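Participant: Listed below, chain by chain, are the residues.
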Amino acid sequence: MSLSRGLRAALLAITVLVLVVVYTPLALVVLNSFNVDRTFAWPPKDFTTHWWDAAIHSTGARSALWTSVEVALAATAVALVLGTLAGLALRKTRFFGRNVVSLVILLPIALPGIVTGIALSNAFTTVLGVELSLFTIIIAHATFCIVTVFNNVQARLQRLGGNMEQASMDLGAGPLTTFRLVTFPMLRSALLAGALLSFGLSFDEIVVTTFTASPRDQTLPLWIFQNLFRPNQGPVVNVVAAVLVLFSVIPIYLAQRLSGSTAEGLTGAR
Amino acid sequence: MSTAIALRGLSKHFDEVRAVDDLDLEIADGEFFSMLGPSGSGKTTVLRLIAGFEQPTSGTITLDGEDVSSRPPFARDVNTVFQDYAIFPHMSVRQNVEYGLRVKKVPRADRRRRAEEALATVRLEGYGERRPNQLSGGQRQRVALARALVNRPKVLLLDEPLGALDLKLRREMQIELKEIQRDVGITFVFVTHDQEEALTMSDRIAVFNEGRIEQLATPVELYEAPASAFVAGFVGTSNLLAGDVARSLVGAEGTFVIRPEKVAMSAPEAAPPAGPSTCVARGVVREVVYLGATTHSVVHLDAGVTLTVSHQNTDRSIDAALERRDQPVVLTWQRDHLVSLGGPGPDPVASPEEETA
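As you go down the protein sequences, you meet chains C and W in turn. Residues 29 to 298 (the numbering used here) are what the first sequence spells out, left to right. Residues 40 to 396 (the numbering used here) are what the second sequence spells out, left to right.
Treat the hints loosely; a few may be bogus.
Said to hold, decoys possible - A few chain W residues facing chain C, derived, Cβ under 8 Å:
no.	residue
1	ALA90
2	SER109
3	ARG110
4	PRO112
5	PHE121
In case anyone wonders, no lab produced these hints; they're calculated from the structure. Being a predicted model, the structure only gives us computed values, none of them experimental. We put the beta carbon where it would ideally sit given N, CA and C, even for glycine.
Construct the entire structure; sequences and hints are all you get.
Facilitator: Shown next, in the form of structure tokens:
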């Protein structure tokens with residue numbers, strides 16, 4: 029496709045503008061983590077690593093980070109098991125109400141977080157009599173983390189069709205061997221991509237977490253939100269944010285590499 | 040010769056649709072057997088029933104004397120070559136071919152040797168380490184074949200395996216498949232909608248229509264003596280003479296088939312006289328279709344029916360044939376080349392008027 033010179037220049041300008049709008053504030057976060065001024069005065073008078081030092085030694089930030097990692101890992105594990113099973117079940121059998129079940133699984137990600145949060149909080153404390161804890165956060169997060177795994181599994185299964193498994197059975201493999209040698213290896217990259225997304229969703233969730241966490245449990249987003257407006261903590265929060273920006277690049281990069289290589293590996297199936 | 044597969048009263052209904060309708064069939068050991076029919080005629084369903092991917096509504100499937108009707112696919116001594124090959128994309132060619140032996144716990148050295156043999160059979164020596172996405176369509180087809188043959192099944196099921204290949208490759212593979220089948224001596228059950236493919240390779244052909252076998256015969260019988268208007272129309276081009284047309288041209292009641300290459304065309308002045316063994320009919324050439332090796336002329340007869348006439352382009356110049364459009368001609372054919380389908384009326388789906396439409 030060849031574009032006229034003017035159109036190409038215009039497209040380039042728009043692309044640059046969008047990238048600047050998105051990335052300048054993020055760059056500012058990183059830059060401000062070295063700003064001497066507590067209130068982020070601009071332009072910075074001088075640079076310091078003092079805030080980074082403070083953040084590293086902040087027990088609040090560190091324990092919040094571990095809480096978040098714990099919750100995200102656990103929620104992702106639950107989502108992986110249930111999402112895969114749901115994806116497999118909804119493909120193999122064509123029962124009445126199949127689409128309804130599919131919709132019911134997908135719904136939590138579309139519901140406003142505040143509704144999910146209030147509903148779950150109510151259900152936990154009044155109906156089920158479960159005290160709010162890490163456990164309740166994990167369950168709450170799993171409700172929408174399942175969706176990412178389920179979606180990935182379903183898309184992959186649809187793309188592969190059922191013939192690979194039939195071929196495996198035809199060659200003498202029972203259902204379990206077929207899952208181990210054929211179905212699971214072909215789902216693996218879809219599961220990993222789903223897990224990365226699920227981890228990301230859980231890691232930065234704040235609305236549902238607010239309602240399902242006990243006052244003792246503080247995930248990183250909750251900690252940031254509570255410390256943001258404390259004058260003493262501002263710069264430290266900024267450092268934590270800068271670290272998060274750098275760290276979130278890694279899973280995105282991995283997910284991209286992964287989907288690139290699977291697209292290549294799957295052309296053999298066509 | 041012993042029986043490899045026997046189907047008794049086999050039926051498969053999907054809700055109201057009778058995909059396979061009370062089928063009885065015996066396939067002999069070592070036979071190249073084809074199931075030919077249009078899409079939706081039930082031929083693929085029969086294959087899937089034999090493989091075990093579908094459960095019959097009623098009837099039994101006997102494989103080498105054993106009733107396997109209710110066994111799962113992995114407990115039947117048959118292997119399938121799928122239409123889309125279904126090669127495992129995450130395994131190398133060798134791993135694909137070894138798969139059946141691996142799940143049956145054949146020792147590594149043994150299965151490696153047998154995989155090499157199978158790859159040699161399909162002329163893919165040295166391709167073991169390739170990935171499926173590095174292969175062409177024809178090579179993938181061979182891998183699928185090797186993956187099935189390596190297990191030395193009682194019966195090999197092939198579900199339109201040549202459908203995705205281009206014409207030249209398809210012709211080559213037809214001959215090669217036949218050679219491989221002769222070499223390994225395994226019973227092949229081949230599903231296709233391509234009549235030429237079926238005629239080329241098969242020992243016997245079953246023509247399917249609406250879940251039933253319309254005719255079961257050798258390729259020669261099928262072509263020279265079709266049992267019904269459906270078979271005559273599906274296998275090769277055919278001209279159907281029925282009702283008044285049959286009465287006036289053949290002088291007999293019933294429905295008759297005459298193949299295009301058995302009809303001769305000449306100018307009216309050069310026409311031979313009608314005789315006890317020769318039929319003669321006058322008409323006008325409506326269309327001339329040049330096909331390379333042959334030319335088809337579509338002739339509308341005065342008797343009210345349109346016939347297709349085929350002649351070999353043996354002369355270097357075929358201009359004479361091409362110039363005949365809209366010219367009056369005379370068609371002649373031997374009376375004993377007519378195939379009587381019996382019955383008073385023709386099958387409505389293959390009435391002469393519709394066939395020429």
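Participant: Given PHE121 of chain W was flagged as interface, is its beta-carbon under 8 Å from a beta-carbon of chain C?
Facilitator: Because about 5 Å separates PHE121 of chain W from the closest Cβ in chain C, which is inside the 8 Å limit, the hint holds.
Participant: Should the hint that PRO112 of chain W touches chain C count as held when the rule is a Cβ pair under 8 Å?
Facilitator: Result: holds, 4 Å to nearest chain C Cβ.
Participant: Would you settle whether the hint for ARG110 of chain W is holds or violated, based on the nearest Cβ-Cβ distance to chain C being less than 8 Å?
Facilitator: violated, 11 Å
Participant: Grab the minimum C-beta distance from SER109 of chain W to chain C and call the hint holds if it beats 8 Å, violated otherwise.
Facilitator: violated, 15 Å
Participant: Just to be careful: measuring from the Cβ of ALA90 of chain W to every Cβ in chain C, is the smallest value less than 8 Å?
Facilitator: Hint holds; ALA90 of chain W Cβ to chain C Cβ min 6 Å, cut 8 Å.
Violated hints, in rising order: 2 and 3; the structure is consistent with all others.
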